[in-house]
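Visitor: In case you want the letters, here they are:
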Amino acid sequence: MPRLIASLGLAAGILASTSAWAVEISISCSALGKEYEICKQGVDAWAKRTGNTVKIVSTPNSATERLALYQQLLAAGASDIDVFQIDVVWTGILADHLMDLTAKGQADIDDHLPAMVETSRVNGKLMAMPWFADAGLLYYRQDLLDKYKRPVPQTWADLTETARMIQDGERKDGRGDFWGYVWQGRAYEGLTTNALEWVASFGGGAIVDDKGEITIENPKATEALKAAAGWVGTITPEGVLNYTEEESRGVFQAGNAAFMRNWPYAWALAQGADSTIKGKVGIAPLPKGGADGRHAGTLGGQLLAVSKYSKNADAATDLVLYLTSQQEQKRRAVEGSFNPTIVALYSDADIARANPFIGDLVDVFTNAVARPATVTGQNYNKVSTEFFNAVHQVLSKRAEPAQALNRLDRDLKRIKRDGWK
Amino acid sequence: MTSAVAQGDVPVPRRVRGRRSSLTRSRVRAAWLFIAPSLIILALIAGWPLARTIWFSFTDADLNNLSDYEFIGFENYLANYDGEWLGLLTDPDWWRSVWNTVWFTLVSVSIETVLGIVVALILNAAFPGRGLMRAIILIPWAIPTVVSARMWNWMLHDQFGVINDMLLRLGLIAAPITWTANPDTALWTVVMVDVWKTTPFMALLILAALQMLPGDIYEAARVDGVHPVRVFFRVTLPLIRPALIVAIVFRALDALRVFDLIYVLTANSRDTMSMSVYARQQLVDFQEVGLGSAASTLIFLIIALLVVITLAAGRVRLGEDPR
Amino acid sequence: MKVLSRIGFWLLVIAIGLFALFPFYYAIVSSFRSGAELFSVAYLPERFDLSNYAAVFDRQPFGRNILNSIIVAGAVVAVSLGLGITAAYAFGRIAFRGRALLLMTILAVSMFPQVAVLSGMFELIHSLGLYNTLPGLILANLMLTLPFTIWVLTTFMRELPKEIEEAAFVDGATPWIVVRRVFLPLMAPAAVTTGLLAFIVSWNEFLFALTFTLTNERRTVPPAIALMTGSTAYELPWGTIMAASVIVTLPIIALVLVFQRKIVAGLTAGAVKG
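Protein chains in written order, with our numbering: chain G, 1 to 421; chain A, 422 to 744; chain S, 745 to 1018.
Hints in this document: simulated from the structure, not taken from any laboratory.
Among the hints, a few may not be true.
[As the list claims (entries may be wrong)] If you want the footprint, here are the derived chain G segments under chain S, 3+ residues with CB under 8 Å:
| no. | segment |
| --- | --- |
| 1 | 54 to 60 |
| 2 | 99 to 112 |
| 3 | 251 to 259 |
Every residue gets a Cβ at the ideal spot worked out from N, C-alpha and C, and that includes glycine.
Chain G with its partners taken away, still in its complex shape (with noise of 0.2 Å):
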């Protein structure tokens, strides 16, 4: 109670001493913990030097309920929120309800990473600002890569006969329920981005290309999935069929397996006080498919937009420049360790001191991979959910890759008919 007389004593005081432009902009940036307070302070700063009054909304945890909330507000045109915190596959499908940035955002554009202002970009108008970055990351556990005296694995059949011979070697031990790889295998947008990975790294593309064009049945794509379907059940529990992102950070950080494919956000998590793995975790780009084939992290990451329906647009816009300038993203990796979308950053002194691994994500972001989410537009939703069941289907040995490929080639083309909207 005091705290909310204090903050309305605040509040008034603005109100008095700047003039009767302050405005108050409602922002949706992430809900709690240590999220919450970086964007607070961010959105704080901005408050001060502009005299306006900044409320965050907290909104769901998970990305698909956070779209439909999203979704119901703008269909409404409801102004209650004026800048949005949007995942990068939004843009296209939200494009209709978020003002033109191109204008103001186009000076500072070209300081980001290339990756992630295509996925802000819709028909060639910047519709959000790029805020911070995300890829895929391999977690290895380095003190048993020292006892078993292997590599770091370069392609997935190093990592494939490297993770069995852990599991090997470790349930001989005795630790029956040890394994070698675990992942995120769950019928959701987590296996889009996981499959997307084994599919690029192994050449076979991105779903949809540039232009548009269904590029899924390949032989390469052919080739990633058996492979990945040769997991479950030898390296990979078969359990990880319904894994999101914790379930399988689970089974790592209770020191249950070698190596993990996860988002950045684990890293801190490993490494925390108190983490049964502390010490013994390493990073890596994500493997190879072959000797020709290339490392691909599907690339993650959060955009700010502006509603179309704010009725304090041009100070919503402001906030939105201010939380993704350079001073503030680097404000962000140093405290937060948000990955930048500014790459002058990831050479950064002071972030390197904070935070030294950031610096060697700089190359897992420039060749990450984008989900065909802007070639897509409106459709993206659907192809990723009937790319995810085809891969569920062979994932869980109900279907041959080649034959579920070929069917989702023509789910695709259907959803596609006359162009993507």
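Position chains A and S against the provided structure of chain G, taking the given hints into account.
Guide: Coordinates of chains A and S only, in the frame set by chain G:
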């Protein structure tokens, strides 16, 4: 008490009506007065959203722009493009979700009914700690589904879940079961969690019905030395039948619309998708308001049909007079 | 034989109690643990660590969320029962034309999936100016509880013997007085049960509560719990969520313990009239 009572809306003989007409008329007026507030509230909060859903099912509306749509008749349900049949009725995923839902409802509601009766009979018996037991029974129903479904997900984890650990320790299984990941066990797992969660609902309604029963019937049966099992089937069950049917109908209504439990446990997997999950996927994930509304309308029709069948099979007369 | 059946009875009681209680017990155990411990199995709490409980109240206005839930669920029950009992009297005790059709119409409200009415309901609530308010939530939740309340109470109402109200009517009582003086006491067990079930339905409601509220101060418990996050996007603060679940289940248990006496009281009242 029984013979003179008119059944249903059959008109009362003129002579009787004449004698009672003023009383009857004032009672009918009172009846409408009593019902009016409920009807007004329901019309207000449910009328518009429901009518809107049905209307949208005949349009090509899109969540992205709800004000701009065209009337397309039955095309969301069934349409023919260049000799290829399209639409909801030709979608194998839809029929799969219908089958999943009906199977889920039949199995879970049957188990819940039997278990609910058993629990209600136990709670109706006098034993020390009965009050506490009533509270314990209600706990599963009292934990929000969004939380309890996640809780089960955690407990059913194949590697660090407590359920597998327990079964392994007891020697009931040799290797951990992948409860929710394996398509063969996933739907059964959902049924198990649903039984855990909603049996209290059944039990409590049946308990209330049991407690409304006049006690002297049991007294008479006991004096006559009738076996308790016989008493249950001959006396208790027929007497609680109306309440039981209503409980089953509402339980089935919820089961046929099951959403959050399946959504949290197995997400959008086609193997366990229910009709509501399908409708949500169309409405929200795919933004196809037209198609999603058509699915919702079909769900409504399917449920209405099943309810009518249940009510008929349970010989529930809606217009029946008090005994 | 008698001993055997007693033992069987108690075994059944214990089995049912365990089945119902174990997940809740496991939630309590988990709520005392943190970090990597949560990824292993424990049957007994290792220590009595309340930090998760402190975190629940520390990071969000959880007390306010509980109060909101109580207000919403309480109002929903009061309105549902008030309207339900009068409507049930009309449906259950008075013969009038169109009764069956009306009952079916009311039931039909419960036949649409919640997600299908969500968008229309959102527009309605928004246009009434009730977005992000508790009355808006109360109104929305009535759609879930009212049909159920009317139906169950009608069924019970119909089961009561016909003579009950006749004497009162002969004395010239109005229908309103009959409902209040004669039926209300007789309906106590059914009303308490229905009210309890409706309370829990509203207490657990998630989708409406998530969609029709925006700020933390207006949220009810289920979205508040669902919105709890760890320090980063993917982390699930399991211990805190379990602590919150334990906290919100306690009021319900208290409620049942209080009202279960009423259920017993109703038994004797109902038995008087044979």
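Visitor: Run every hint past the structure and note whether it holds.
Guide: Against the structure, the hints:
Given a C-beta distance limit of less than 8 Å, the hint that chain S covers the segment 54 to 60 of chain G holds, as 5 residues qualify and 3 suffice. With 0 residues having a beta carbon nearer than 8 Å to a beta carbon of chain S, the segment 99 to 112 of chain G misses the requirement of three or more and the stated coverage is violated. Residue count for the segment 251 to 259 of chain G with a Cβ under 8 Å from a Cβ of chain S: 3. That meets the three needed, and the coverage hint holds.
Of the numbered hints listed earlier, the single one contradicted by the structure is hint 2.
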